[in-house]
Amino acid sequence: MNDDPKLPQRPSWENDFPIDRLEAVHVSRREFAKYLTLLSGGLCAGSGWLAVKDRLFPRHRFQGEALVCQTGDVPSGGTWPFTLPGSNVPYILIHLETGEWRAFEQKCTHLSCAVFYQPKEGKIECPCHNGWFDARTGAVLQGPPPRPLPQLKVTLRGDKVFVSEPGSDSPQTA
Amino acid sequence: MSTFRDAQNRAHPNKTNTLMLVILALLIGVVSLQIWLLTATLNASLSGDRAIVWPAFYGSLLLFVSGGALLRYLPDPLRQAPPSPAKPEPFPQAALAWRTLAISFVSLTLAFAVWFMWSAIATKINDAGFRLTKEQLFWLTASPVLLGSLLRVPFGLLVSRFGSRRSNTFVTLLLLLPCMLAGWALRTPATPYWVLLLSAALTGLAGANFATSMGAVTLWFPKKLQGTALGLNGLGNLGVTVAQFTIPVVLPLALFGMLAGSVAPGARPIHLANAAWVWLPVILACAAALWFGTQDYPAQPKTLASQLRVCRDKHTWAISYLYFLTFGAFVAMGASLPLIIKEVFVNAPGGAPNPLTFSPLAVLIATLMRPVGGVVADKLGAGRVTALAIAVMALAGFSLSHFLQPHQFTGFFVTIMILCAAAGLGNGSCFKIIPSVNAAEAGPMMGIVSCLGALGGFFPPLILAWCIGKFGSPALAYTGMAVFALTCFSVNWWFYWRNESPSRC
Chain A
1 MNDDPKLPQR
11 PSWENDFPID
21 RLEAVHVSRR
31 EFAKYLTLLS
41 GGLCAGSGWL
51 AVKDRLFPRH
61 RFQGEALVCQ
71 TGDVPSGGTW
81 PFTLPGSNVP
91 YILIHLETGE
101 WRAFEQKCTH
111 LSCAVFYQPK
121 EGKIECPCHN
131 GWFDARTGAV
141 LQGPPPRPLP
151 QLKVTLRGDK
161 VFVSEPGSDS
171 PQTA
Chain B
1 MSTFRDAQNR
11 AHPNKTNTLM
21 LVILALLIGV
31 VSLQIWLLTA
41 TLNASLSGDR
51 AIVWPAFYGS
61 LLLFVSGGAL
71 LRYLPDPLRQ
81 APPSPAKPEP
91 FPQAALAWRT
101 LAISFVSLTL
111 AFAVWFMWSA
121 IATKINDAGF
131 RLTKEQLFWL
141 TASPVLLGSL
151 LRVPFGLLVS
161 RFGSRRSNTF
171 VTLLLLLPCM
181 LAGWALRTPA
191 TPYWVLLLSA
201 ALTGLAGANF
211 ATSMGAVTLW
221 FPKKLQGTAL
231 GLNGLGNLGV
241 TVAQFTIPVV
251 LPLALFGMLA
261 GSVAPGARPI
271 HLANAAWVWL
281 PVILACAAAL
291 WFGTQDYPAQ
301 PKTLASQLRV
311 CRDKHTWAIS
321 YLYFLTFGAF
331 VAMGASLPLI
341 IKEVFVNAPG
351 GAPNPLTFSP
361 LAVLIATLMR
371 PVGGVVADKL
381 GAGRVTALAI
391 AVMALAGFSL
401 SHFLQPHQFT
411 GFFVTIMILC
421 AAAGLGNGSC
431 FKIIPSVNAA
441 EAGPMMGIVS
451 CLGALGGFFP
461 PLILAWCIGK
471 FGSPALAYTG
481 MAVFALTCFS
491 VNWWFYWRNE
501 SPSRC
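Heads up: the protein sequence lines correspond to chains A and B, in order. At position 43 of the first sequence (counting the first as 1) the number is 43 in the working numbering, and the numbers step up by one without a gap. At position 258 of the second sequence (counting the first as 1) the number is 258 in the working numbering, and the numbers step up by one without a gap.
What the hints contain is simulated information worked out from the structure, not anything from laboratory work. Treat the hints with caution; some may be incorrect.
[As the list claims (entries may be wrong)] Example chain A residues on the side facing chain B (calculated, C-beta under 8 Å, incomplete):
(1) R29
(2) G48
(3) L50
(4) G78
(5) W80
(6) F82
(7) G86
(8) P146
Even for Gly, the Cβ is constructed at its ideal location relative to N, Cα and C.
Work out the full structure, taking the sequences as your base and the hints as a guide.
If you want it as structure tokens, here you go:
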């Protein structure tokens with residue numbers, strides 16, 4: 001019970017709850033300060049994990065080309081989902097109405113929802129938070145996604161469709 | 001003292017309010033900056049700008065440390081009466097004890113470096129002109145471990161019989177023998193294999209040094225600091241890392257002139273004898289430091305028979321069982337992780353990960369966690385900490401079998417690091433249990449426990465290799481280890497964690 005004369009008088013019902021007010025207030029603020037420090041440590045560990053991941057587990061760049069499908073499999077305005085061997089990332093191959101071919105990662109850059117191609121509008125939609133990407137460049141048109149959709153380079157050989165990492169030798173032939 | 005601060009806090013309650021408010025506001029600022037740093041860095045690195053990642057981490061670390069430092073200024077909680085401090089256990093000769101620990105740590109690091117020198121030599125020995133098969137190389141690296149573990153039993157008895165200073169100096173000087181012999185044997189590829197094997201076997205003496213060193217340290221510290229002291233001494237395991245990094249560096253240098261001979265296929269001469277002889281001056285320096293810098297603990301020397309009584313104590317065998325798991329996992333990681341990485345992840349997308357980059361990290365984290373385990377065991381109770389370590393190891397062992405596809409190296413390596421950190425924690429806390437249950441005969445008990453523990457490191461590489469040979473993947477071995485960990489958990493619970501157990505600690 002607190003009988004320090006400097007503090008204001010407490011109501012009489014507080015006699016039934018014998019918790020020293022000052023002590024309780026001080027203790028809970030101390031704990032909050034310590035929890036904030038713990039949170040700070042966790043965030044620091046998160047930054048550290050990013051740094052370690054960058055040094056020890058750099059993003060693997062897929063080498064060479066991979067066969068996706070035949071050109072006849074994908075009608076104009078259609079899409080073809082595929083994955084590259086050795087990785088779990090889903091991709092979609094889009095046959096645009098203009099005749100061009102594009103391949104993008106299907107993971108939205110906002111929170112990794114699956115994105116879908118809207119045939120009439122030439123745009124890619126992420127239904128989760130109403131994000132839209134341009135179907136020819138992958139750039140963000142609207143919504144919360146912070147970065148453009150990662151693209152793969154599409155090469156047509158005869159009637160087979162191949163994809164490879166952008167930045168390889170031959171220029172975009174589709 | 002607290003009286004003045006107490007009076008101040010009572011007289012001016014608003015002062016502490018303001019102080020608390022400022023600290024909280026600053027901490028909220030720190031956390032907000034860190035959240036921004038983290039999300040912005042994540043965004044940038046995913047967009048391709050990877051240069052920002054390390055500076056962002058350093059900034060976040062700086063912010064965290066400053067935030068933590070603020071906690072020092074938290075006002076004391078108000079109490080009606082100041083709590084009376086508990087009577088601290090007397091700790092005479094504290095300065096001497098810490099000095100002994102420091103010197104002992106250095107000489108233990110040296111001993112571990114010498115013990116593992118053959119594993120570093122074995123990687124380069126065929127480059128230097130020797131023609132050794134895989135079997136022969138395996139026995140060169142395995143025989144020091146085997147003999148080192150067996151010899152730990154008698155060496156643990158030395159301290160109780162002869163005193164810490166004399167036995168430590170003696171075992172350190174003993175290291176001269178394998179080093180000189182190994183260096184002389186490695187001078188030329190004409191040396192027959194049995195000479196190499198003999199010197200490798202003699203190197204086991206270096207491994208036995210561990211028991212003497214720990215037995216000596218435990219004499220000097222009171223019960224409440226045993227975990228910390230033994231854990232810090234256990235940092236001597238870093239000697240393994242020292243050897244792995246030093247030996248490739250000294251091999252091309254002509255340190256001993258003509259004495260070392262030189263085997264020189266190609267343009268770069270390799271002076272293999274350096275790997276053994278470079279330790280000789282360090283051994284002499286350590287022995288001198290031990291002889292002149294430490295003293296024999298003033299206690300009655302014990303007879304041999306009284307020390308062997310420790311074998312009848314059930315705790316010796318219970319703790320050995322636990323240490324078999326924790327230390328065995330640690331050695332197994334060091335010895336066989338390169339093999340696993342090479343076999344399982346050779347087809348990883350992006351190229352096979354370099355085993356030499358990743359395996360020292362696993363050994364390092366286990367070594368660094370050892371003193372942490374000791375300190376935490378001192379504070380929270382060794383039974384609890386050991387239980388936590390074993391539980392984490394079991395979980396990690398069960399989940400490892402999910403990460404054995406070639407493209408899952410990240411998950412595999414993270415799990416291995418968690419496993420090794422838990423093993424290191426368990427190592428530190430196991431060694432705290434020993435003096436807690438049997439302070440009088442801690443030295444001999446440590447000898448037996450560390451012997452069985454080191455043997456626990458000898459078998460897993462064999463089991464892993466057999467598993468890969470028979471099933472193509474080490475999943476069964478890891479699951480077996482996890483099941484073994486569960487049995488260890490029950491042993492630990494029964495003896496050292498249950499509230500009703502008389503040996504609870």
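Results for each hint:
1. R29: Hint on R29/A: holds, closest Cβ of chain B at ~5 Å, below 8 Å.
2. G48: 5 Å, holds
3. L50: With a minimum Cβ separation of about 6 Å from chain B (threshold 8 Å), the hint on L50/A holds.
4. G78: At 29 Å from the nearest chain B Cβ, G78/A fails the 8 Å test, so the hint is violated.
5. W80: Given a least distance of 22 Å, the restraint on W80/A is violated.
6. F82: 16 Å, violated
7. G86: 4 Å, holds
8. P146: 5 Å, holds
Going down the numbered hints, you'll see the structure goes against 4, 5 and 6, while the others check out.
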